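Residue numbers (my numbering), protein chains in the order written: chain A, 1 to 288; chain B, 1 to 354.
Worth flagging that the hints you see were computed from the coordinates, not collected in a lab.
In this text, all values refer to a predicted model and were calculated from it rather than measured experimentally.
Where hints are given, some of them may not hold.
[What the hints assert, rightly or not] Now the in silico label distances, taken between C-beta atoms and shown as ranges:
| # | chain 1 | residue 1 | chain 2 | residue 2 | range |
| --- | --- | --- | --- | --- | --- |
| 1 | B | S53 | A | D23 | 28 to 38 Å |
| 2 | B | L209 | A | L277 | 34 to 44 Å |
| 3 | B | L336 | A | V154 | 38 to 48 Å |
| 4 | B | L69 | A | G99 | 17 to 27 Å |
| 5 | B | L50 | A | V154 | 28 to 38 Å |
| 6 | A | V42 | B | P315 | 19 to 29 Å |
| 7 | B | L69 | A | A121 | 47 to 57 Å |
| 8 | A | A33 | B | L69 | 39 to 49 Å |
| 9 | B | A46 | A | Q87 | 49 to 59 Å |
| 10 | B | A93 | A | E242 | 50 to 60 Å |
| 11 | A | D256 | B | P315 | 24 to 34 Å |
| 12 | B | G153 | A | R153 | 27 to 37 Å |
| 13 | B | E278 | A | R75 | 44 to 54 Å |
| 14 | B | L50 | A | G168 | 47 to 57 Å |
Just so you know, even glycine gets a beta-carbon here, dropped at the ideal spot from N, CA and C.
Residue-level listing of the chains:
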Amino acid sequence: MKLGTPLAVAAMALVLAVAASPDVPVLSWHPAAGGVLAGLAVLFVVSLVDRRAPRRLVALGAACLALALGYDSVRGEKGEITLGPGQGTRTFDEVGPGGRALGLHPLGTALAFEDLQPDGAVTLADQDASRRIRVSPARAQTVSGYRIGDPRRVPSGGTRLLVRVADGVASEATMREGETARIADLDVTVEQYFPDFALENNQPFSRSDEPRNPAALLRVQRGASSWRAFVIRAMPGIHRPEGLDRTLTLVDIVPDEAARLSVSREPAALLAALGVLVAAVGVAWSRW
Amino acid sequence: MSALGLTAVVCGLTLLAASVVAATAAADGRLERRRLARFIALAAAAPLLLLLSRPGAQSFVGFAVAAALAGPQPLALALAASAAVLAGVIPTAGVASVAQLLAGVTGALAAHAVGRSVWSHLAAEREPAGRDAAWTASAAGAGACGLVLAVGGPGVLRWDYVALPGGASAHAWDAGLVLALTLLSSLAGALLLGADALAATETSSVSPLARMLGRRALLLAAGLAFIAAFLVAAVAGWIDGLLRPQAMDVAGLVAAVGLIGCAVPALLAERVCGDAFEEQQEATVLSRLVVVLALAAMFAGGIEGWLRAGTYLTPLTQRLLSAALVGFAASETTRLRTLARVLTLGAVGWALVR
Numbered sequence: 001m002k003l004g005t006p007l008a009v010a011a012m013a014l015v016l017a018v019a020a021s022p023d024v025p026v027l028s029w030h031p032a033a034g035g036v037l038a039g040l041a042v043l044f045v046v047s048l049v050d051r052r053a054p055r056r057l058v059a060l061g062a063a064c065l066a067l068a069l070g071y072d073s074v075r076g077e078k079g080e081i082t083l084g085p086g087q088g089t090r091t092f093d094e095v096g097p098g099g100r101a102l103g104l105h106p107l108g109t110a111l112a113f114e115d116l117q118p119d120g121a122v123t124l125a126d127q128d129a130s131r132r133i134r135v136s137p138a139r140a141q142t143v144s145g146y147r148i149g150d151p152r153r154v155p156s157g158g159t160r161l162l163v164r165v166a167d168g169v170a171s172e173a174t175m176r177e178g179e180t181a182r183i184a185d186l187d188v189t190v191e192q193y194f195p196d197f198a199l200e201n202n203q204p205f206s207r208s209d210e211p212r213n214p215a216a217l218l219r220v221q222r223g224a225s226s227w228r229a230f231v232i233r234a235m236p237g238i239h240r241p242e243g244l245d246r247t248l249t250l251v252d253i254v255p256d257e258a259a260r261l262s263v264s265r266e267p268a269a270l271l272a273a274l275g276v277l278v279a280a281v282g283v284a285w286s287r288w
Numbered sequence: 001m002s003a004l005g006l007t008a009v010v011c012g013l014t015l016l017a018a019s020v021v022a023a024t025a026a027a028d029g030r031l032e033r034r035r036l037a038r039f040i041a042l043a044a045a046a047p048l049l050l051l052l053s054r055p056g057a058q059s060f061v062g063f064a065v066a067a068a069l070a071g072p073q074p075l076a077l078a079l080a081a082s083a084a085v086l087a088g089v090i091p092t093a094g095v096a097s098v099a100q101l102l103a104g105v106t107g108a109l110a111a112h113a114v115g116r117s118v119w120s121h122l123a124a125e126r127e128p129a130g131r132d133a134a135w136t137a138s139a140a141g142a143g144a145c146g147l148v149l150a151v152g153g154p155g156v157l158r159w160d161y162v163a164l165p166g167g168a169s170a171h172a173w174d175a176g177l178v179l180a181l182t183l184l185s186s187l188a189g190a191l192l193l194g195a196d197a198l199a200a201t202e203t204s205s206v207s208p209l210a211r212m213l214g215r216r217a218l219l220l221a222a223g224l225a226f227i228a229a230f231l232v233a234a235v236a237g238w239i240d241g242l243l244r245p246q247a248m249d250v251a252g253l254v255a256a257v258g259l260i261g262c263a264v265p266a267l268l269a270e271r272v273c274g275d276a277f278e279e280q281q282e283a284t285v286l287s288r289l290v291v292v293l294a295l296a297a298m299f300a301g302g303i304e305g306w307l308r309a310g311t312y313l314t315p316l317t318q319r320l321l322s323a324a325l326v327g328f329a330a331s332e333t334t335r336l337r338t339l340a341r342v343l344t345l346g347a348v349g350w351a352l353v354r
């Protein structure tokens, strides 16, 4: 079968269409899939070249696009960074074609997490360039040659406990396991946190890491006196240690949130845009 | 549901009516009926422009308005009805996107290309004594079956529909029952008409009884799908706003109604009027235009992706590239053109709803 026949061109276009779809992970099927697709793309471009000028334009556009996609998949970089409160990084988790994890890749600068806003925007500090950058769902930013964008909220794994002390007037504070907070005139420390509290042989333990039945062991200090209190979220307002004229309540748990951002460097992006435009002009110019 | 959402649903139902009128006009060839269909479609499309302010609805508004503007083509108007309903009930979250809008317009033109291709096929086959609209009606019934299965999933086979309003699963046996009956009815219609068309040799129909039963089964399926759409919307809580999957379910059922609604008039009339050559020429031009528009949408999507996500290779641009390639394949081939155009419509539709 000749390469330039309509049937051959249509068949190649269909195969490339399947490979281009993000819903069919062709590149992850076999390490050689990328090479086969590159070869098919070359054949497709060659099959489009004929004497007619519009057709040549389509071939030129397809060649530019194929070249750009190939170059960006080989020389480009793609990955993610996940940053929570107080965290910073000089690297990102790189992923290769087909979503294969390639390990850590230097970012070229030091980024520190500053703030995660309710609208999903993240403020980062570029410490090497001494500037702050704001990455929102509607606006990516360039940092040392990389485009950073698409911020998403993800649980960071940590949990803060919202504890209330009441003696007619209620005061609240949030703290992590091991932290101490001043609530009214008391120093309250979370000694141990049980996300999924249960008892076995009269010993508390957690059945899982899921916060299904959160409970905590608290140490309460006022001057030289100290108490230990066990609070369960499912039983609010009943925990009053003997000798302490206050009620302790585990009001709720607040999961810590981190921001996950996409990092990418695509040096051939302009070539890809040019290829799409040229191909569109070529198709529009073709015989109707 | 907001007033704007309700307006879109009403516009969607009006487009559905326009689709049936257009199908009737195509069957009897009356020009005034065709003009009426065009007028109804344009009247229904105009208020939809108000929904362009909703980021999540832009692509579907683009689809519905472009389908109405491009002419009274029954299939395109049926799918436009589904898109209009979807624009009204889908959550409005997201950011405005030119790429989505262009993708919607591309989808509408792809639907026009498929519709014109099918009508050209039907009109051509009326000239010699041969087959009739039973094949397309059977395909519409099969399409409706697929849509009902996509909406209800395997639960439909157990007479059940599971909705997830607010993240909690809710079983709706009434919706499940109607969905299962829709499935059975459309399957019966598709099989009866398909078998009759397959058995036909020189006469147009081997068994008038099979044809009559198939036609009635399809009409029953259309009615049941219409009821199912309301039941699914009710169980998913459309007063408070539907989640995206439930909005898709409702739109899928409206599309099923539209598919059957635009296929049955030709079957009832036993003929399709029109110039087969002209319809095919227009379908060819539209197919080429679909590729150009898909590439333009991809270009816009690449720029938006670069500005917003930091990469031009977003899932939307990849799907649009895929749709452009399928469309290019469809515009290249001269054999199986209708099937290739259906594939293009599917690829663009997939990019829109994902």
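Query - Structure versus earlier hints - violations, ascending order - result: As far as the earlier hints go, 2, 4, 7 are violated by this structure, in ascending order.
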